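Visitor: Chain by chain, the residues run as shown.
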Amino acid sequence: MSLYQLQKLIYHVNRDAAQRDSYRRDPAAFVKSYELSEQELAAVLNVDVRALYTIGVHSLLLRPFTLLNKISNEDYAKALKGLE
Amino acid sequence: MPIVFACAASHAPGMTAWTEAAPQEQADNFLGNYRKLGARLAGAKPDVIVALTVEHWANFFLNAMPAFCIGRADHYDGPVEEWLRIPKTRVPGDAKLAAQLIDACFDGGFDPTFSDELLLDHATFLPLHFLNPNMAIPIVPIVINTLTSPMPTAKRCFALGEFLGRALEEIPKRIALIATGGLSHWPGEAKHGKINVPFDKMFLGNLMSGNRARLTAYSHDEINTDAGSGGHEIRTWIALAGAVQSWKAELLAYEPIVPWATGCGLVTFNPQNP
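Chains as they are written, first to last, in our numbering: chain Y, 1 to 84; chain G, 1 to 274.
By construction, these hints were calculated from the structure, which means they are not laboratory data.
Every value quoted in this text rests on a predicted model; they were computed, and no experiment measured them.
We treat Cβ as the ideally placed atom computed from N, Cα and C, and that holds for glycine.
A portion of the hints provided could be inaccurate.
Here are the computed lysine-lysine pairs in the DSS-like style, where the Cα-Cα straight-line distance is at most 25 Å [unchecked claim]:
| hint | chain 1 | residue 1 | chain 2 | residue 2 |
| --- | --- | --- | --- | --- |
| 1 | Y | 81 | Y | 70 |
| 2 | Y | 8 | G | 248 |
| 3 | G | 194 | Y | 81 |
| 4 | Y | 78 | G | 88 |
| 5 | Y | 81 | G | 36 |
| 6 | Y | 70 | G | 36 |
| 7 | G | 194 | Y | 78 |
| 8 | G | 248 | G | 36 |
Label pairs and their in silico Cβ distance ranges [what the hints assert, rightly or not]:
| hint | chain 1 | residue 1 | chain 2 | residue 2 | range |
| --- | --- | --- | --- | --- | --- |
| 9 | Y | 50 | G | 116 | 35 to 43 Å |
| 10 | Y | 70 | G | 32 | 29 to 37 Å |
| 11 | Y | 25 | G | 271 | 26 to 34 Å |
Sample of chain Y residues lacking proximity to chain G, with all beta carbon distances greater than 12 Å (derived) [unchecked claim]:
| hint | residue |
| --- | --- |
| 12 | 3 |
| 13 | 16 |
| 14 | 22 |
| 15 | 25 |
| 16 | 28 |
| 17 | 31 |
| 18 | 38 |
| 19 | 42 |
| 20 | 57 |
| 21 | 64 |
| 22 | 73 |
| 23 | 79 |
| 24 | 84 |
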C-alpha cells in the first residue's frame, strides 16, 4: 500500500510546472522516483481513472490530474459510473 | 470601521473553465452578480482583502497539513491550474498585516501555521478574478483545511472568525473580508454533479438569520453526507459569519448549476446600523 507515494506523485505533477514538464516528457521515467506497487504503476501510467479512484486517490488530486491529461468531464463521469 | 466590506462566494472552477457549459440564464445571473459584488467591493475602497479561503493540494500535502495557515508573503502567484482560463498573474500580499494577525492569533489563543510562500489555486484566484479584477488590492490569505480529515470544526472556524473580526478592529486599514467555497458539491467524486439544494437553502437561511447555534453545530459527518466533500468549504463562510456577527447577510444569488457541479452562492454582509 503506497497510496501516499501515488498521491505525492500526482500532487507534484498537478502543482509544479517543472515536474509537470518532466512527467510529460517521459512519464515512465518520472514515476520511478516514487515507490509504487505494480497496480498503482499501471493505473498512473495508463491514467486509468477508475483504477486510481478505486485505489483511493483523493478526488481533488485525481480530477486536476485527469484534466491535465485531457480527460473530459463526460469521460471522467463515464469512468466512475456505478461507483456512486 | 476597519472591516468595510464582507462577502462569501462560491468558486467552482467551471465558472471560468467551462462557463458556456452552464445554462445561460443561470450563468448570467450568477456571474453578473459576482461582477456586481466586485463593484461593491471596489466602492468600499479597501486597502487590503483578507481572504478566508481553502486550497486543493496547491501547497499542503499529507506530510504536513495545517488546520489554519496565514499567508505572510509580499506576493502570491497563481492560479496553479493551467486549465482554469484565468491568466497566470501575481497578486500583491500585505505581509505587515499578516504578521500583525499572526501575532494577534498567538497572543489570543490561536496557533496558525504561517507561510511566506503560498501558491494560490482557483479557490482564491477565481473570486479575485471577479472581486479584484485588476489584481491590484493586496491580499492576506487565511487558508482553512477543508480538504482532508481531520479538519477544524465549524465551531472552531466560527471562533477564529470572531477572533479575527476583533483583531481587525485594531488595524488602521480598510479591510475587505471575503470567504470562498461551497456550497454543496462532490468534486471529482463518483457523485460529481450532485447538488443538495435543500441543504444549501437551509445553510443560507442560517447565515441570513445569523443563527450562531446552528452554524457552529454543523458536524463533519453532516457536512460530508449532505453537502459532499466540497461542502466542507462552508467552514470559510462560517468563519466569516463569526467575524461580522452584527452585520446582516444579504443573498445576491443562489444557483444550483449542474454543469459546474456546485450549489453556487453569493452573499454580502451589510452593517446593520452604519
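Visitor: Hint by hint, note whether the structure agrees.
Guide: Structure-based check of all given hints:
For the suggested pair residue 81 (chain Y) and residue 70 (chain Y), the alpha carbons sit about 19 Å apart, so the restraint of at most 25 Å is met. Restraint check: the Cα-Cα separation between residue 8 (chain Y) and residue 248 (chain G) comes to about 43 Å, which exceeds 25 Å; the hinted pair is violated. At most 25 Å may separate the alpha-carbon atoms for a hinted pair to count; residue 194 (chain G) and residue 81 (chain Y) meet this at roughly 13 Å. Our distance criterion of 25 Å between C-alpha atoms is broken by residue 78 (chain Y) and residue 88 (chain G), whose separation comes to about 31 Å.
Annotation: proposed proximity of residue 81 (chain Y) to residue 36 (chain G) is violated, straight-line Cα distance about 39 Å (limit 25 Å). About 33 Å separates the Cα atoms of residue 70 (chain Y) and residue 36 (chain G), which puts this hinted pair outside 25 Å; it is violated. With a C-alpha separation of about 15 Å, the suggested pairing of residue 194 (chain G) with residue 78 (chain Y) holds against the 25 Å cut-off. Our distance criterion of 25 Å between C-alpha atoms is met by residue 248 (chain G) and residue 36 (chain G), whose separation comes to about 18 Å.
Look at residue 50 (chain Y) against residue 116 (chain G): about 40 Å separates their beta carbons, and that is inside 35 to 43 Å. Between residue 70 (chain Y) and residue 32 (chain G) the C-beta distance comes to about 31 Å, which sits within the given range of 29 to 37 Å. Here the CB-CB span from residue 25 (chain Y) to residue 271 (chain G) is close to 55 Å, at odds with the stated 26 to 34 Å. At roughly 9 Å, the least C-beta separation between residue 3 (chain Y) and chain G is not larger than 12 Å, which violates its mark as non-interface.
Its beta-carbon lying about 9 Å from the closest one in chain G, residue 16 (chain Y) breaks the requirement of being farther than 12 Å from that chain. For residue 22 (chain Y), the shortest C-beta to C-beta distance to chain G comes to about 15 Å, beyond the 12 Å cut-off, and the non-interface label holds. The beta carbon of residue 25 (chain Y) sits about 16 Å from the closest Cβ of chain G, which is more than 12 Å, so the claim that it is off the interface holds. The Cβ of residue 28 (chain Y) sits about 23 Å from the closest Cβ of chain G, beyond the 12 Å cut-off, so the non-interface label holds.
With a cut of 12 Å on Cβ distances, residue 31 (chain Y) stays outside the contact zone with chain G, its closest approach being about 17 Å. Its beta-carbon lying about 22 Å from the closest one in chain G, residue 38 (chain Y) satisfies the requirement of being farther than 12 Å from that chain. In this structure residue 42 (chain Y) is separated from chain G by more than 12 Å, as the shortest Cβ-Cβ distance comes to about 21 Å. Non-interface call for residue 57 (chain Y) relative to chain G: violated, since the shortest CB-CB distance, roughly 9 Å, does not exceed 12 Å.
A cut-off of 12 Å between C-beta atoms contradicts the statement that residue 64 (chain Y) is not in contact with chain G; the least separation is 6 Å. At roughly 7 Å from the closest C-beta of chain G, the C-beta of residue 73 (chain Y) falls inside 12 Å, breaking its exclusion from the interface. Its beta-carbon lying about 9 Å from the closest one in chain G, residue 79 (chain Y) breaks the requirement of being farther than 12 Å from that chain. Not every beta carbon of chain G lies more than 12 Å from that of residue 84 (chain Y), the smallest distance being close to 4 Å; the non-interface claim is violated.
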